[in-house]
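Visitor: FYI, the numbering for the sequence shown is 1 to 379, going by my numbering.
Derived by calculation from the structure, the hints in this document are not laboratory data.
Even glycine gets a Cβ: it sits at the ideal position worked out from N, Cα and C.
One or more of the hints may lead you astray.
Stated by the list, open to error - In silico SDA-like pairs for lysine to any residue, Cα to Cα no more than 20 angstroms straight-line:
id	residue 1	residue 2
1	LYS131	HIS204
2	LYS276	LYS230
3	LYS210	GLU178
4	LYS131	ALA218
5	LYS210	GLN225
6	LYS230	TYR190
7	LYS131	GLN49
8	LYS284	ASP20
9	LYS143	LEU68
10	LYS15	ALA28
11	LYS210	GLN191
12	LYS230	LEU160
13	LYS131	TRP172
14	LYS143	ARG108
15	LYS131	SER2
16	LYS143	GLU178
17	LYS284	PRO17
18	LYS230	TRP172
19	LYS143	ASN166
20	LYS276	LEU76
21	LYS208	ILE194
As the list claims (entries may be wrong) - Quick list of simulated restraints, FRET-style, between CB atoms:
id	residue 1	residue 2	range
22	GLN88	GLY33	24 to 34 angstroms
23	ALA51	ASP127	46 to 56 angstroms
24	GLU296	ASP349	50 to 60 angstroms
25	GLY336	ALA82	51 to 61 angstroms
26	ASP272	ASN116	22 to 32 angstroms
27	GLU296	GLU341	45 to 55 angstroms
28	PHE182	ASP127	10 to 20 angstroms
29	GLN70	SER43	19 to 29 angstroms
30	GLY183	GLN70	43 to 53 angstroms
31	GLY151	ALA82	18 to 28 angstroms
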Amino acid sequence: MSFGIYIHWPFCAAKCPYCDFNSHVRSAIDERGWADAIARELSYIAALQGAERPAVETVFFGGGTPSLMQGRTVGLVLDEIARHWRVQPDAEITLESNPASADAARFRDYAAAGVNRLSLGVQALNDADLKMLGRLHNAEEAKAALRMAMGAFARVSLDLIYARPNQPLAQWRAELEEALAFGTEHLSLYQLTIEPATPFAALHRSGKLKIPDEDRAAALYEITQEMTEKAGVPPYEISNHARPGAQCRHNLLYWRYGEYAGSGPGAHGRLDLGGKRIATVNEKLPERWRQKVEREGNGLAGMADIAPRDAAREHLLMNLRLTEGLDLRAYRDRWGFAPDEERLASLQDDDLLMRRGDVIAASPRGRLVLNRVIEALAA
């Protein structure tokens, strides 16, 4: 199995009203101090894995807004990773960027530090919706940032949010067509969801914010599938689309239930230690995480064994998001059991599941109700 490292940079210039990620606005950031804390935690994780630790195939800087970091800070973290692990020559190293903090010199510094893939959070290509989403950039700035990224990195992904309030189908078609015309190898296309404890959740409860109903959301989803397929960037996961061979390897590692370490405030990990599957989760509040690292060498809020049946359930939850589906034979070999055959047959009869030999995958109809399919199999 592959091994990757996730680095969480929790700081943002502003908090978007739909976002429930672990992100925080701070007026001043001691970048060197935060990089040193990440380095200490990486050293702790490497020691947990011991001398026979796996080679690193992917690194992902997420947030928050990692593009608020200076290039030398990214370089310090990558140097620390290389000090503890063998990094594969073709390792995928991704950094998430916000168009509002995009800068040609900064992009060059990231590339020089070792970043070879940039994920740009465009989110919308019209000013009205960008303002509604709380973004700090406008549409022209987003397009300029995308062109800048494509000039600096061979691999670029762009993010868009659809199923926005009052979004006409024709408008989404036009916006997605414009996005596809840029020719990036990868697109992350997410339906807007109302997350608890966000400003959007309060507005939604009060009736001041209305999102598309299930039928309209399904129509927007089907437009997305149709247009991306036609453009040669088909879905490989429920919300992610790529040219053949250009899938995000780090995210595939998650969805195939591989092994990954998480460092930084709120970061999660799944480590294979001593024949056991271990879940790690870090303190979420940045200052509390950093204080704990300075005291103890790690920012862990918890570390626990995952029972094989629970690990198998997590694997199923993740893997069925993928278009490639789940190999039942490999799954059974790994965990010692597999989904109930009667449930599999019932889902096939309802046209919610496809089966090709030992491989099962959600059907096009099943992908519209994926949570229902997963719950039926995981019961």
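Visitor: Run every hint past the structure and note whether it holds.
Guide: Hint check results:
1. LYS131 / HIS204: 17 angstroms, holds
2. LYS276 / LYS230: Cα-Cα ~43 angstroms, so violated.
3. LYS210 / GLU178: Cα-Cα ~25 angstroms, so violated.
4. LYS131 / ALA218: Since the Cα atoms of LYS131 and ALA218 sit roughly 25 angstroms apart, the hinted pair is violated (cutoff 20 angstroms).
5. LYS210 / GLN225: 24 angstroms, violated
6. LYS230 / TYR190: Since the Cα atoms of LYS230 and TYR190 sit roughly 19 angstroms apart, the hinted pair holds (cutoff 20 angstroms).
7. LYS131 / GLN49: 45 angstroms, violated
8. LYS284 / ASP20: 12 angstroms, holds
9. LYS143 / LEU68: At roughly 19 angstroms apart (the allowed maximum being 20 angstroms), LEU68 and LYS143 satisfy the hint.
10. LYS15 / ALA28: 16 angstroms, holds
11. LYS210 / GLN191: 14 angstroms, holds
12. LYS230 / LEU160: 18 angstroms, holds
13. LYS131 / TRP172: 17 angstroms, holds
14. LYS143 / ARG108: 18 angstroms, holds
15. LYS131 / SER2: Given pair LYS131, SER2 is violated - Cα atoms ~40 angstroms apart, limit 20 angstroms.
16. LYS143 / GLU178: 10 angstroms, holds
17. LYS284 / PRO17: 19 angstroms, holds
18. LYS230 / TRP172: 16 angstroms, holds
19. LYS143 / ASN166: The given pair, whose Cα atoms are some 23 angstroms apart, is violated under the 20 angstroms limit.
20. LYS276 / LEU76: Distance of about 31 angstroms is beyond 20 angstroms: violated.
21. LYS208 / ILE194: At roughly 13 angstroms apart (the allowed maximum being 20 angstroms), ILE194 and LYS208 satisfy the hint.
22. GLN88 / GLY33: 24 to 34 angstroms: 30 angstroms, holds
23. ALA51 / ASP127: 46 to 56 angstroms: 55 angstroms, holds
24. GLU296 / ASP349: 50 to 60 angstroms: 54 angstroms, holds
25. GLY336 / ALA82: 51 to 61 angstroms: Given range 51 to 61 angstroms: violated, Cβ gap about 37 angstroms.
26. ASP272 / ASN116: 22 to 32 angstroms: 26 angstroms, holds
27. GLU296 / GLU341: 45 to 55 angstroms: At roughly 48 angstroms between Cβ atoms, GLU341 and GLU296 fall inside 45 to 55 angstroms, so the hint holds.
28. PHE182 / ASP127: 10 to 20 angstroms: 18 angstroms, holds
29. GLN70 / SER43: 19 to 29 angstroms: At roughly 22 angstroms between Cβ atoms, SER43 and GLN70 fall inside 19 to 29 angstroms, so the hint holds.
30. GLY183 / GLN70: 43 to 53 angstroms: 29 angstroms, violated
31. GLY151 / ALA82: 18 to 28 angstroms: 27 angstroms, holds
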